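Using the sequences provided together with the hints, build the complete structure.
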Amino acid sequence: MYKNLISKPKTEKSNEGNISQTKKHPKSLKMHATSRHANSENENKRHNATKNKQENTLTKQIAIDCEMVGIGDGTESMVARVSIVNKYGDCMYDKYVKPREKVVDYRTPVSGIRPEQLLNGEEFSVVQKEVADMFKGRLLIGHALKHDLDVLYLSHPRRYLRDTSRYKPFRQLSKGNTPSLKKLTYELLGKQIQVGEHSSVEDARAAMQLYMMYRNKWESERKTR
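Residue numbers (full-length UniProt numbering): 1 to 225.
Rather than coming from a laboratory, the hints here were simulated on the basis of the structure. Since this is a predicted model, take the numbers as computed values, not measurements. Hints may contain errors.
[Stated by the list, open to error] The following label-pair restraints were derived from C-beta to C-beta distances:
#1 Val104 / Thr224: 24 to 34 Å
#2 Asn216 / Arg100: 39 to 49 Å
#3 Pro169 / Val126: 29 to 39 Å
#4 Ser125 / Gln172: 33 to 43 Å
#5 Arg222 / Lys136: 12 to 22 Å
#6 Ser180 / Arg159: 23 to 33 Å
#7 Tyr88 / Pro169: 18 to 28 Å
#8 Val195 / Tyr88: 16 to 26 Å
#9 Arg215 / Gln192: 34 to 44 Å
#10 Met212 / Glu130: 18 to 28 Å
#11 Arg159 / Asp133: 17 to 27 Å
#12 Ser220 / Glu197: 36 to 46 Å
#13 Gln192 / Arg171: 33 to 43 Å
#14 Ser180 / Asn216: 20 to 30 Å
Just so it is clear, CB atoms sit at the ideal spot from N, CA and C, and this is done for glycine as well.
See the structure below:
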């Protein structure tokens, strides 16, 4: 019923082809108008081609978010869904994960996770390897990344982490406390998220938008440390 969504994303490249242009002298006003129309169509095609290349491209910056379910006494967490987006907000990875232990609380009102989704999920070992491969050499953006990394049993070099819950200018919105992703998205992006059940794709996209909006300031501050 529920299918895992994943395709082999292309890695970000800068391929610039050499375009040769031949100037033609129109023989009449009518032919000149036709030529301009054709040029306009070619421009649109090139624009659409560039846009399509951006989609499904695994960029240098990726954002992750995981949905979790309760195990043990209900307070322990196990990963149930993993979503990753690129810097454009396009979803690069979205998979449900088969439980490795008995689930005692699906946390559906918040997680949006239901039993049938996990029954049709991917094996944890497969998800873990695929996600680890996507991490390599990339900046990892997210909100409270420690929780996502913990449930995936993965680590990532600290210099490549950009956590919106720990960025000082964002924390000032909560008087030095840890701000929620919902609050940051509303205050800084003017958008509402997490209305009802959460979506890990939506949350990853929000974290990425926050990072991209403040990227220049964020990165320049890191260089001056």
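Hint-by-hint comparison with the structure:
| no. | hint | result |
| --- | --- | --- |
| 1 | Val104 / Thr224: 24 to 34 Å | violated (48 Å) |
| 2 | Asn216 / Arg100: 39 to 49 Å | holds (41 Å) |
| 3 | Pro169 / Val126: 29 to 39 Å | holds (38 Å) |
| 4 | Ser125 / Gln172: 33 to 43 Å | holds (41 Å) |
| 5 | Arg222 / Lys136: 12 to 22 Å | holds (21 Å) |
| 6 | Ser180 / Arg159: 23 to 33 Å | holds (26 Å) |
| 7 | Tyr88 / Pro169: 18 to 28 Å | holds (23 Å) |
| 8 | Val195 / Tyr88: 16 to 26 Å | holds (24 Å) |
| 9 | Arg215 / Gln192: 34 to 44 Å | violated (23 Å) |
| 10 | Met212 / Glu130: 18 to 28 Å | holds (24 Å) |
| 11 | Arg159 / Asp133: 17 to 27 Å | holds (19 Å) |
| 12 | Ser220 / Glu197: 36 to 46 Å | holds (37 Å) |
| 13 | Gln192 / Arg171: 33 to 43 Å | violated (21 Å) |
| 14 | Ser180 / Asn216: 20 to 30 Å | holds (24 Å) |
Violated hints, listed in ascending order, are 1, 9 and 13; each of the other numbered hints is respected by the structure.
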